[in-house]
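In order, the protein sequences belong to chains A and B.
Going by my numbering, the first sequence opens with residue 2, and the numbers climb by one from there.
Going by my numbering, the second sequence opens with residue 2, and the numbers climb by one from there.
One thing to keep in mind: the hints can contain errors.
When chains are identical, the list treats them as one kind, so a pair holds in a single copy or across two.
Unchecked claim - Pairs of lysine to aspartate or glutamate, EDC-like flavour, derived with a Cα cap of 16 Å: (1) Lys121 with Asp240; (2) Lys291 with Asp191; (3) Lys291 with Asp187; (4) Lys90 with Asp50; (5) Lys249 with Asp112; (6) Lys291 with Asp112; (7) Lys249 with Asp65; (8) Lys249 with Asp95; (9) Lys249 with Asp63; (10) Lys35 with Asp287.
Just so you know, these hints were derived from the structure itself, not from any lab.
In case you want the letters, here they are:
Protein chains: 2
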Amino acid sequence: MPNPRLLLCALLPALIAFSATSAAAPEPTDESAKPLSVQQILDASPASDWRAPDPDNTLYMDLDAGRVVIELAPQFAPEHVANIRTLAKEGFWDGLSIYRSQDNFVVQFGDPTGDEATRKSLGGAKAHLPAEFERVDPALNFHALPDTDGWAPQVGFVDGFAAARDPATGTTWMAHCYGALGTGRDMAADSSNGAELYVVTGQSPRQLDRNITLVGRVIQGMPLLSVIRRGPEPMGMYDDPGQRTPIKAIRLASEVPAAERIQLELLRTDSATFDAVTEARRNRRDDWYKVPAGHIDLCNVPLPSRAPTVKP
Amino acid sequence: MPNPRLLLCALLPALIAFSATSAAAPEPTDESAKPLSVQQILDASPASDWRAPDPDNTLYMDLDAGRVVIELAPQFAPEHVANIRTLAKEGFWDGLSIYRSQDNFVVQFGDPTGDEATRKSLGGAKAHLPAEFERVDPALNFHALPDTDGWAPQVGFVDGFAAARDPATGTTWMAHCYGALGTGRDMAADSSNGAELYVVTGQSPRQLDRNITLVGRVIQGMPLLSVIRRGPEPMGMYDDPGQRTPIKAIRLASEVPAAERIQLELLRTDSATFDAVTEARRNRRDDWYKVPAGHIDLCNVPLPSRAPTVKP
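The shape of chain A in the complex, shown without the other chains (with noise of 0.2 Å):
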């Protein structure tokens, strides 16, 4: 009988080995010829392949459950970015809540009062703000996947933020991966302020993709969102408010002391020791997998990250 840990093991993604030979080539024979695990790549990477996000356009959520950390993408949604800063230094969300979780969707947070008379006051930010789904800007730093994709001509990473680009256009806009964070809005394309914000948390919605502004994605704390209870009501909605999730704070990290402060660095996507990670996960070369894929979805990409590393 099979060892049930190993069972476990044979499933785990960090465990993944990595080969640079193509799909094609014949499977390494000897030990020093193994291909390198995804952890031996990232030991490997220059301290250059990294970066920490600036705290002006990172957000701290601050639930009961601990703290979700969302990078902010002005590089994408400039607009909706300045006036979601603006409401996390006023304190908007502070005693709101998670107010909808809709199981392989999203969970969706602010002000659920459809009464406007009693709404939350949107303080110094703007109430209107024009809708930014897509980007014509060639200084966007677009780091392309070879591989297809189904919804778009074009799919890869900026700064960290799975997008997609149609060359024919020159527009580049943000995916709905998982984490990825929007703006609700009405049926209007421009009715969106930031106010309302969603995280996906289901099976990738890019259908959404061009059709609503994304602002960010969560860097840390995902497995606090992913597991709120689905409401009971249709969208997954709370009418119990008591049900709903409450939000203690949002705020700008660079608002809070340093000392507090989550230390965090990223893999840049456009080094090459994000290509070979991808890679490894593209075509998964360690002895569990008998079929590598030859290709990766945009959004199983891993984004690793890592406590910074100490300079002696």
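With chain A fixed as given, assemble chain B onto it according to the hints.
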């Protein structure tokens, strides 16, 4: 300021509308030409487009939080399904647990005991089975999607199960979509026996396709599995048995008194209604969507179910 209730509705998949017209067709301009919603399509479906799952191939997994209903796929994994039926009849999983919950990946259950001497006996079930990663069976009722897929030459559905196919080799295999049920294995391809099972709870890990035996899918109750708190140890394991989720029982529906069975009908995936629902999701034509995707991923296709309609 937009009404936040509308902001929420805007993200509701069930409200998405449908049109049989092509992506290039002009938007309808009068009320009568409005595209049908998914619900309207389902409401207009003939009874013959629905089926009741076979109680002999349906599992009830009873947790403290409620019942998870699983449909087995003997057309893909006859030997594993036969073993699982034996294990269920003999109560193998009763009193065992979900001992792993890894964020954006899987939950896994069975007997986590590493020591073979103290592991739960497989009873009348076989300890060794052949790998059942893919099938060469012209009788499989493969209903192809027109949509491109990066993981496989062709994708579609077989009797409600998301699947992929390689016309060049004549092989068909089940796909790792949300809710797929698979069998843990060791390094050897033929080292699974159906006692250790996992359910996909995250972004479709399609790289596992053709590398492990899938045996069915969850047809009701995913929210009971998807919210299980992620295990604190590597791979989402719980070293503390008190943190695991107890399994009260796993039974074949056919072994449960008829009056206690879940009454459920599934939309046939080879029906015209299914094609219409899929098209409604591929090209969303309601007023909220500004850019219909013109594409749907295999793992985003909805698989509707309903309580049986009572005949007058």
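Going down the list of hints, with the structure as the test:
1. Lys121 with Asp240: neither (18 Å within a copy, 44 Å between copies)
2. Lys291 with Asp191: Close across copies (11 Å), not inside one copy (49 Å); limit 16 Å.
3. Lys291 with Asp187: between (48 Å within a copy, 12 Å between copies)
4. Lys90 with Asp50: Neither: 31 Å inside a chain and 54 Å across chains, both beyond 16 Å.
5. Lys249 with Asp112: within (14 Å within a copy, 39 Å between copies)
6. Lys291 with Asp112: This pair counts as neither: shortest intra-copy Cα distance 50 Å, inter-copy 25 Å.
7. Lys249 with Asp65: within (7 Å within a copy, 30 Å between copies)
8. Lys249 with Asp95: within (5 Å within a copy, 40 Å between copies)
9. Lys249 with Asp63: This pair counts as within: shortest intra-copy Cα distance 5 Å, inter-copy 35 Å.
10. Lys35 with Asp287: For lysine 35 and aspartate 287, only the intra-copy Cα distance (8 Å) is at most 16 Å; the inter-copy one is 53 Å.
The structure fails hints 1, 4 and 6 (numbered hints given earlier, in ascending order).
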